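K.L.:
Given these sequences and hints, build the entire structure.
Going down the list, the protein sequences come from chains A and B.
Take 1 as the starting number for the first sequence in this note's numbering and just add one per residue.
Take 181 as the starting number for the second sequence in this note's numbering and just add one per residue.
A few of these clues could be false.
[Claimed, not checked] When the alpha-carbon atoms are kept at most 20 Å apart in a straight line, the in silico SDA-like pairs for lysine to any residue are as follows:
| hint | chain 1 | residue 1 | chain 2 | residue 2 |
| --- | --- | --- | --- | --- |
| 1 | A | 71 | B | 219 |
| 2 | A | 30 | A | 51 |
| 3 | A | 89 | A | 127 |
| 4 | A | 30 | B | 230 |
| 5 | A | 23 | B | 219 |
| 6 | A | 71 | B | 236 |
| 7 | A | 30 | A | 65 |
| 8 | A | 170 | B | 238 |
| 9 | A | 170 | B | 234 |
| 10 | A | 26 | B | 239 |
| 11 | A | 26 | A | 58 |
| 12 | A | 30 | B | 219 |
| 13 | A | 30 | B | 236 |
| 14 | A | 30 | A | 77 |
| 15 | A | 71 | A | 60 |
| 16 | A | 172 | A | 116 |
| 17 | B | 184 | A | 150 |
| 18 | A | 170 | A | 89 |
Everything labelled a hint here was simulated from the structure, so no lab data went into it.
Quick caveat: nothing in here was measured; it's all calculated off a predicted structure.
Next come the chains, spelled out residue by residue.
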Amino acid sequence: MFEQSDETLIRKALKGNNGAWQKLVKRYDKAVYNYGLRMTGNADDAMDLLQEVFLSVFRNLQSFRGEGSFKAWLFRIAHHRMVEFYRRKRDYQPLDEENPLVDELACVSRLTIADAQSRELVRAMQQLSLEQKAVVELKFFSQFTFEEIAEQLGVSSNTVKSRLYAGLGKLKDVMEVHYV
Amino acid sequence: MSDKHELFALWLEGRLSAEQQQVFERLCADDDEFARQVSLARQVEQAATRYEEQPVPNWQIPAIGPQPVADSSWWRGRAMPSLSFAMSIVALVMVLFRVEVQVHGGSLTVSFAGQGREDEIRRQVDAEIAQFREQQQVLLANYSREMREQQQDVSSQLTSYLLSASRTERREDFAELIKFVNQQREDDQQFYARQFNKLQQQVYLAPETGQRDNLSPIK
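P.N.:
Here it is, written out as structure tokens:
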């Protein structure tokens with residue numbers, strides 16, 4: 001009926017209201033968990049990412065100034081944790097176009113995604129570089145605008161558009177190869 | 181970024197104008213690669229829409245306590261930014277004018293354009309020269325003292341040598357003199373012995389011949 005806004009819950013949480021904090025987390029934990037599932041292709045990694053993201057939110061909540069939406073701020077944190085996750089996983093690999101971070105270890109088949117087309121898409125996404133995968137994820141699944149994605153990833157919106165176009169091109173190749 | 185990417189992005193967000201829509205449709209008809217991208221984007225959109233979000237496994241949400249509320253006092257809201265800006269300007273001026281602050285011997289020196297550094301260098305050079313001068317003076321004093329001591333040693337050695345040499349010569353001269361005197365005495369003794377022998381012979385012979393009065397003088 002009367003759902004409290006994110007700003008209200010944040011204000012209450014900052015005053016130490018644990019109930020408001022729990023509501024805030026419950027409102028977004030599913031989105032973050034599924035973001036992690038699609039980005040890593042692994043339920044355990046998605047769960048680790050979920051906990052790390054909300055731990056960062058917990059620590060930095062007072063620095064949230066309310067200049068953008070809480071969801072956009074939350075997903076910016078999620079993206080940073082995701083980059084750290086990939087760095088940890090590969091020890092270290094430069095985040096450039098020549099050395100894209102492709103998660104070849106992702107095990108999508110273990111995920112219980114009912115829709116075959118969705119499952120195939122998530123599987124194909126694992127072949128993209130982290131940058132391309134993040135753009136596809138944030139655009140199609142999380143429904144952010146290009147401007148919001150650019151702000152979250154710390155790049156220009158033109159770069160985001162180019163990455164999406166290139167990512168879709170690679171996605172097409174991967175899916176065609178799989179069907180053949 | 182190409183126009184195609186821009187057009188594609190506008191289409192995805194549903195913000196194509198009528199004119200852009202016409203260009204987009206023409207591009208879809210003429211450009212197979214672009215048409216395939218559009219088709220794939222539609223598929224992905226559909227798949228994303230049909231994607232059923234997975235339930236989150238049970239997890240322990242961390243409990244939150246009272247958070248320190250952001251301090252909204254005037255000095256933090258207004259004075260701090262102004263102060264930060266002023267300090268940045270001061271820092272900029274200090275860098276541009278090469279301001280140097282030095283604490284030396286209990287005195288604080290502020291200098292501009294590297295003057296302080298030149299003074300510091302001059303001071304260090306002067307100190308080095310003074311130290312060098314002191315070292316040289318000490319070395320010279322030591323050297324002259326050693327020379328003096330060496331000369332004294334040589335003089336005393338020469339004196340003692342001269343003394344000992346003259347003493348030896350005198351001893352040798354006396355020995356020669358004594359030897360000469362002894363030789364002379366020996367010669368005299370032999371002479372007198374011969375005289376006595378001759379006289380003795382004359383004395384023994386005189387009673388026999390009765391010519392004691394005719395004794396010849398000893399020669």
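K.L.:
All hints, please: hold or fail.
P.N.:
Against the structure, the hints come out as follows:
1. A/71 <-> B/219: violated, 29 Å
2. A/30 <-> A/51: holds, 12 Å
3. A/89 <-> A/127: With a Cα-Cα distance of about 16 Å, the restraint between residue 89 of chain A and residue 127 of chain A holds, given a limit of 20 Å.
4. A/30 <-> B/230: Distance of about 16 Å is within 20 Å: holds.
5. A/23 <-> B/219: violated, 39 Å
6. A/71 <-> B/236: holds, 18 Å
7. A/30 <-> A/65: violated, 24 Å
8. A/170 <-> B/238: violated, 36 Å
9. A/170 <-> B/234: violated, 26 Å
10. A/26 <-> B/239: holds, 11 Å
11. A/26 <-> A/58: Satisfied, since the Cα-Cα distance of roughly 13 Å is no more than 20 Å.
12. A/30 <-> B/219: Given pair residue 30 of chain A, residue 219 of chain B is violated - Cα atoms ~29 Å apart, limit 20 Å.
13. A/30 <-> B/236: Measuring from Cα to Cα gives roughly 6 Å; hence the hint holds.
14. A/30 <-> A/77: Holds, because 15 Å separates the two Cα atoms, which is no more than 20 Å.
15. A/71 <-> A/60: holds, 14 Å
16. A/172 <-> A/116: Distance ~16 Å between residue 172 of chain A and residue 116 of chain A Cα, so the pair holds.
17. B/184 <-> A/150: holds, 19 Å
18. A/170 <-> A/89: violated, 23 Å
Going through the hint list in order, the structure does not satisfy hints 1, 5, 7, 8, 9, 12 and 18.
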